[in-house]
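K.L.:
Since each chain comes alone in its own frame, lean on the hints to assemble the complex.
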Amino acid sequence: MGTKKSAFISLTELARNFQEVKAGLTPAEARDESNRCLYCYDAPCIQACPTGINIPSFIKKIASGNLKGSARTIMEANPVGASCSRVCPTEELCEGACVLNHSTKPIRIGDLQRYATDWAIKNEQSLFKPGEKNGRRVAIIGSGPAGLSAGRELARLGYEVTIFEAKDKAGGLNTYGIVSFRLPQEVPLWEVKQVEQLGVEMITNVRVGADIEAHEITENFDAVVLAIGMGKVPMLGIEGEDLAGVHDAIEFVEATKTADLKEGLVGKRVAVIGAGNTAIDAATCSVRLGAANVKILYRRTQEEMTAYDFEYDFAKQDGVEFRWLTAPKRIIGDEKGNVKQLECWRMELGEPGADGRRRPMPVEGSEFILEVDAVVKAIGQTRHLDVIEAFGLEHHRGIVKVNLETCQTSNPKIYAAGDVIFGDGHGEAMVVTAAQQGKDTAYAIHKQLTKAGIESA
Amino acid sequence: MADLRSNLAGIESPNPFWLASAPPTNSGYQVQRAFEAGWGGAVWKTLGEPIINTTSRFAAVSFNGQRVAGFNNIELITDRPLHVNLKEIYETKKRFPDHAIIASLMVEPKREKWHDIVKRVEDVGVDGLELNFGCPHGMAERGMGAASGQQPDLVEAQTMWVKEVAETPVIVKLTPNITDITVTARAAVRGGADAVSMINTINSLAGVDIDTWNTIPHVAGKGAHGGYCGPAVKPIALNMVAECARNPDVHVPISGIGGISNWKDTVEFLLMGATNVQVATAAMHHGFSIVEDMIDGLNSYLDEKGISSVREIVGKSVEKYSDWGNLDLNYRVVARINNDVCINCNKCHISCEDASHQCIERLIDANGEPYLQVREEDCVGCNLCSIVCPVDGAIDMVELPYEKPPMTWNERQMAISRLTNQS
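These protein sequences, in sequence, are chains B and U. For reference, each letter of the first sequence is one residue, going 44 to 500 in our numbering. For reference, each letter of the second sequence is one residue, going 730 to 1152 in our numbering.
Extracted from the complex, chain U is given alone in its bound form (with noise of 0.2 Å):
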């Protein structure tokens, strides 16, 4: 047994799982229930002013039958009175003193209102602070959220207030609505951030009903963006944490969030920076009891790996990710079939033959059976045949040897410089 315990910039969880700020951890009750079944953590449901929020709220994409590919929302904070959530928010900390909780926050950026619900919060005994900056609705049309999210020079100067008097560590939460999330991380840890967590949800349109041409989902008629999140927001989250764990300015720990589903998305956050990580949508899809695989999956992940604690895995591949200009123009692979494995779909073919680069050939064998065959002369090694195949084990990338010495985008734009200047 791996020792799962985690910690994010002080704040300690008997796992790096932890619920994000969102619709499982809206009350004690549910709070309760998660950390009965395994959850290491839960942000609160962010905790301001209390809202009216609209019916209908939610949305999701479903790919070729698969549900909940991704998912949208219009629900703003918590729409319960502040002190009904500090009374639970105090039972459930006295109940699972070893389980991390996390108050969200978010109020209007004015100094005196962050240190007023930042002592409150913290007389309740959270362990840890999570400032809202990004929730990309409603919040953000009165000045909050990502609205001051989008802003760096608000978020360096919320940070700051907070940090002027809390007690317990504070995590800003970024927005991904803006260019470059670095930009917004390192404003954070310029207010003093303990640590970044990211990402909040992307601007969406669920979808538009093509019988009534209402959008999806609406209200009355009406629709406005809402957030995305699911499976589907995955890749641009562990990009946004990539960039922020390879950032030297962004020297703060980092808790990820967007699409994790599995022990397996947790790996991966893991691996490219992230302490922890925090889980909405496919808790809201499956319940609670989607924790249990995730710390029983991660566990036998690192027992046959050989490591003994969670914590020595974070960061190991944020070497390995960099600019485009760094890699190497020399570095060959081409793809191969395996003829015994392969079922003939012809998938491969087609796609590369409209799609690629036209090499691979539908050809028949001596018996006349027919078989596939990529002409490695002309493959460029995109990888798209073995993409679209389904089978698995058809079609290897295989790496050549190499026929130059490796030289990168980079290193040839100065060599090329250097024998100009000589010149």
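Just chain B, same shape as in the assembly (with noise of 0.2 Å):
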């Protein structure tokens, strides 16, 4: 492993480890690869695509030399189209659906997207245009994929859009959460300018309930989205999570992204617990941390895994181990407080639970310790329950309720979009997912707001 290591990975350099993995096509391979589609009529990729991108048509504007037209192609249907280029699971999406996996191979239209996009971005275009204002006020609580979605398509319908993020910087998890060498900040940062170009006012360090009161919000606007995601990562509930070298995989990614590489990682072994994108990304960043092993420890097997098999691949790649069926059981310490050690139980699956998976059981007596310097936590995401509690909302566990169809909550002039409705077997936690719920959400408050207008007039 160390000689395959050595080949990307700099000991010394390590702001070069988080440079994007994967270069863009030439415009060449753009060419080539935008004449092999076949202009299907009513695609199947448009379908499988969340935000419906006119995917044949982007195309086909490569193909033609028609570049900006492209990128608005893509930009129209998803207003995080750039970062969706480089972050959505292609393969089980638009990739997936593409008829030519039938006889050749489908075309790379998550590579070609990013062809039209980093287009865009490196000829720093202007796509939309805000509408005539129409006198009414929307705010938006939080500025990922979803806020900045809804807040996109409102501006274009004409209102007044206030995006209030608790962050210093505007983008949500693709600014924080997503690790830069799949996706580099810049690309978000782009997604955000293009909104904040069409008047919407990006308000960021900003916290409800500490530095706004919700109720301020829901009296000084029309409506209120509520698109804020979710929070850290819960505890283990188990010994030792206090000791110095356990993280929260979101913390530990969004300081990779947000401060100076630090170099503590250099030659040590981490564990990162759990098996979804986030747990790849926290083992992918270790790796180029300089960690010595990288080991994902996970109480269920690959077949339950979350994370997606490019993402299986991408961390494979890496040279991160993965031990399935196996838990934390406890942290152990050595004298001054830092990590020593982990250790596990292996588990079994046993009947299932009441989400339908399996239930993993440790099995009596087959705890084993692993001499490991770092623990990483990536077991899933608590919820905003403070903001979702003072905006006074329905809620089961955090995952607040919403009319599918109005897009309201119980408070029917607060509307919620994105990771904060995801959960209980709705919704898929992708980011064209929110995007899309945060379109829907705006037309969702159009179509109340003029019902009203036109009822009140």
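Please note that a few of the clues may not be correct.
[Stated by the list, open to error] Facing chain U, according to a computed beta carbon distance under 7 Å, are these residues of chain B, among others:
no., residue
1, 78
2, 79
3, 142
Keep in mind that the hints were calculated from the coordinates and are not lab data. Here the structure is a predicted model, which is why all the values come from computation and not from measurement. Heads up, the beta-carbon is just placed ideally off N, CA and C, and yes, glycines get one too.
P.N.:
Structure below.
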């Protein structure tokens, strides 16, 4: 493994390890690939895209040399289409639906989408115009994919939009939560800029409940969109969780995008708990931070893992080891309070639980010790209960209840989109799904407010 | 191994693949390289009074990223002194006695000029002459090339002058820039031509630069029409060859030229009446080595068909080429979609819907899967769906049994007139 890693991991220049891994298509590659597209009628790739991007159209525009039109077609349907070109599980969506799967090989839709949007970013294109002001104001809490998409569409419909963002920069998950080597921060920040150019006011570093009260927002706007996503990783609930060297995966990834890269993990052994998208990100980040050995521990099997196949492959190529049916029992520290060892259980799968997945059970007497220097927890995300409750919204364990048709929460003035409504078997936690929900919410608000306008007139 | 030897009006070559008179045959160095690569013959780049060329000269048309779908040039005949060319022809012929060297000639339409040049080139041992009555640019403005090739009387007279002194076979190369190529072909035959070759290049403007608004190509910001060739012109050339081949008054062998890039194109031209073929653009695009597969592919084709000599396929499709009035109006084909091969791109549906007879339906089967079906009673058998279909074997054009006996338009008109006369 050492030789394999040294081929691309620099232990002295960590920043290099965090540069985007995949090169964009060259103009010649884009020309060839775009000309390969059949330009299907009523194309299945469009149906497979949660935001319904007119994929044959944007590809045809690449082939014809109309890159601005191509980028506009993409971004029109998906306000975070540049980010999605990099993070979408395309083989499960558009590329999986490509008819060429049945004859040759599918079109590289994601790569072409990136080619067109990269062109727009590089050429500083401004793709959309705000609608004529209609005098109504909408507040959006959270500037991630859902909030941004809602804001973009509302601005185009003539609303005066204010987005409140707790963090320093807008963009949410795309800006802070996805590793730089898959999604460089300048991409979501360009998407944010596109929305700001429509006159959307972006107020950052504002927390609901701390810097502004929920009722102030509700009272001062005609509608509110709650798009706050999810929060930190929950506690494992085991001994040793407060030791130095135990990290929250969300914060761990975020640190690689916001601060100078620290050399603390160089040569260290890292255990990542969980096997979802964030676990993969945390594991591959650890590799790129110079860790000598990175293991992903998952209490179920590869079958139940929620990471996508391409993420799994990516982690394997990075040399990440996977330990299935393994769960942490306790974290053991040294005398200075640093992580030293991780005691684990072997697990076995029992009867299916409430979610239909077989429940993992520890095997009696199977405990064993792993020598580790750091533990990264990636077992899911908590909910921003404080904010949800500040708005007084009905929810189930932090999953805000919405009327799926009107996108309204239990407070008809407040709408919700994105991860804040994901869960309990509803929806997908994909960036592209959040983008579509944002759009849908914008249209739902417009429908409600215009209807109200007509009724009161 | 089939016998690939070819004989065009007495000019023998080891195979039917000649390089056309064009930039690849500009010098002895090039022609010798070509013969080493396997080309059976070469028509030397047109000899005449050396000219001055412009830069730039060439332009090509790309189609969906495919380069050189069509090719356009404004280069003129040889830019080298006649004595240099003659010396190199002599040397090349000496080195490759079994390969055909044909001198392409172009002089002013004056009897003594033709006599003079014919004697001089025959003195160095060429196997035949090709009279360039086709070059559409530059030379035409000086009363030569296409300018003389567009006037049947000039074609006939000049051919006659050449024949007065020529001891080797005379091929007349025709221009496509006319309404009916059989008119000039017949004029050449009347003048005594031993063979005709076609087509020369088609008047063309390759493009306009949409940023500078200059022509493509341009010379210091100005452009002039060039000659078009390459794969895009093949159907035009093939038709002209076929029209001459089926015309009883054009009873001389034909050398086929125009967009021939591989052995398959060659077979098509031979079937349609060409005795051999001449190639330029494909060699300019890929180099002389392409002839290797042309020979190899033609050989395999003939072997697979059990045909011992390439000469046996010449003209085999000519009788199948006729006038529209002789086509059977009661013959019917319809499209049939093979759903197990179909990939559901719906291109056949939309092409039929928007551009033909709206008879391909999008349906859902019992499992909820989409499939396409032709409403055969409304299908006119136009082929459009099978043309746009990206998957081989997904759409078959199926012959239907005759409902009425075969009848052509001409037969129909004749029958009607008979009835009219009787009444």
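K.L.:
Answer holds if the nearest beta-carbon of chain U is closer than 7 Å to that of residue 78 of chain B; otherwise answer violated.
P.N.:
This interface hint holds because 4 Å falls under the 7 Å limit.
K.L.:
Under 7 Å is the threshold here; is the Cβ of residue 79 of chain B close enough to any Cβ of chain U for the hint to stand?
P.N.:
Status violated, d = 9 Å.
K.L.:
Is the shortest C-beta separation between residue 142 of chain B and chain U less than 7 Å?
P.N.:
Holds. Min distance 4 Å.
Going through the hint list in order, the structure does not satisfy hint 2, though it satisfies all others.
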